[in-house]
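Chemist: Below are the chains, spelled out letter by letter.
There are 2 protein chains.
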Amino acid sequence: MSIATKDGNTTAPTRFLRGRHETYAYRRFGSGAARPLLCLQHFTGTLDNWDPAVTDPLASGREVILFDSAGVGRSSGKVPITIAGMASHALDFLDGLGLDGCDVLGFSLGGMVAQQMARDRPSMFRRMILVGTAPRGGEEIMRLEKPSLARHLSDPTLKGYAVLQKIFFAPTSSSQAAGEAFIGRLVQRTEDLDTASGPAVAAAQMAAFREWEQATGIRFAELKGIPQPTLVVNGIHDEMIPVSNSYRLSENLPNAVLLAYPDSGHGSLFQFHESFTRHAAAFLASDSPSAPY
Amino acid sequence: MSIATKDGNTTAPTRFLRGRHETYAYRRFGSGAARPLLCLQHFTGTLDNWDPAVTDPLASGREVILFDSAGVGRSSGKVPITIAGMASHALDFLDGLGLDGCDVLGFSLGGMVAQQMARDRPSMFRRMILVGTAPRGGEEIMRLEKPSLARHLSDPTLKGYAVLQKIFFAPTSSSQAAGEAFIGRLVQRTEDLDTASGPAVAAAQMAAFREWEQATGIRFAELKGIPQPTLVVNGIHDEMIPVSNSYRLSENLPNAVLLAYPDSGHGSLFQFHESFTRHAAAFLASDSPSAPY
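Residue numbers (this note's numbering), protein chains in the order written: chain A, 1 to 293; chain B, 1001 to 1293.
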């Protein structure tokens, strides 16, 4: 793992790209013959929130590209209040990089942006991994006011990453231990850190979730228009974006495999990083037009 | 694949074992250091209904054991009208073989029997694979009267395996083509065939489904008592035992990974046999106490 540690998200320098709309902060590392993997981040997350135990193994065989959307981290501009606005920035960024095709890992909010991008520019993604996310018209998306989440978000004894451990992981000792290990991996990066998100970022992204919950036309019908082989992943006890949303994705996307993990919440990919990266790598390695891998 | 063809379900001789209760027909083939894999069959299925494209690759590295429960195929006795009765026969059979531990692949009806066995004899199974099945208290289990199934079952132009192709596979050209290939593999076995199930077998097994649909106590609570690492698999468009039953299994079993396949029905394991056997082999190869593989 020495190569991954040297060339992964713990030490990779943050770079900046001037797009048509904004200047975007990003990191890229890894190499190989496979298509690059664009990683789209969760609610309020920055480049520093990507677990190296997930990003670095995936950078073996391909470039991994982490990206701050407009107004997040050290990217310029304002956070859009719609998923479509965020998708527009991500496409602007990829155009700036000169990339006309890649794979995508969209986590939570990032998974919604990935779906929108797939509709706006069907040629961009070859294969998609959607983790802990929801289709347009999904249910109970990021309802931070519900007691299971609010009790942690309003707990004055929990600061910074300690909140993430509570709300991204299930309330079992095994899942909480995995959460502690996850936090331990994030804090290994100590230099060239991103700017943490404040209330303005959270408010704009929350507005985008509310807009995304509104179905347009027949519920989930637009998913039929995303033919890409897709791997849908969720923790079975996700309180932030319930697993029922992954069920609806898998039932309505024409070409999606569903993988759900036990004893885990929103951060299932971090909790089961060895399994997740093994599945993700096998899925991405397939050249089949069909999703099963 | 020459070894698998020579030593798989197309040519393996049927054997008979005198248990305490009945004489059971079975086949066993393959070898290796891993625990044997007991395969428990679907509604009206016999030894001849096991797809060699599923059983034979799994027999690389372990013994695969196919089994006719009482009153099915050439096993003696009457078909029990409860899942518990069927579980009792399967345990009788394993006792007769002198096996005190194995893994299990339970498909459809067989997945219910496997769950019951895990409760009745917790030490028997190390790892479980439950495909296209339902927990006790599950919903819409084998409702053959519903139009999507009845139209095929009552179609006089469909005979024998042609019905299976319709009801085990989704109504897309890709899934139906997979169904045709599946039937083609089944009919490769031409000698030492099992006795096909008649109406008495179907009626008793249907009674067992209706009994299994009745929850006892708090719905799904008994699943907490099945701690074995479990892989739950389903086709996303299963009309015979809807995928919602696999959702409930995964949500309530404490240690289960869910894998759902697109564009497929009840026979997803046969449609995606290459993917399924790859996942099943990786899952069975794990010695972790945790299900993710």
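Think of the hints as simulated: they come from the structure by calculation, not from any bench. Possibly wrong hints are sitting among the right ones.
[As the list claims (entries may be wrong)] Derived CB-CB ranges, DEER-like:
#1 A:E180 to B:P1254: 15 to 23 Å
#2 B:D1192 to A:A221: 19 to 27 Å
#3 A:D95 to B:Q1214: 57 to 65 Å
Computed from a predicted structure; not experimentally measured. Cβ coordinates follow ideal geometry from the N, Cα and C atoms, glycine included.
Chemist: Give a verdict on every hint.
Modeler: To see whether the hints hold, each was checked on the structure:
| no. | hint | verdict |
| --- | --- | --- |
| 1 | A:E180 to B:P1254: 15 to 23 Å | holds (21 Å) |
| 2 | B:D1192 to A:A221: 19 to 27 Å | violated (51 Å) |
| 3 | A:D95 to B:Q1214: 57 to 65 Å | holds (59 Å) |
Violation of the numbered hints given earlier is confined to hint 2; every other hint is satisfied by the structure.
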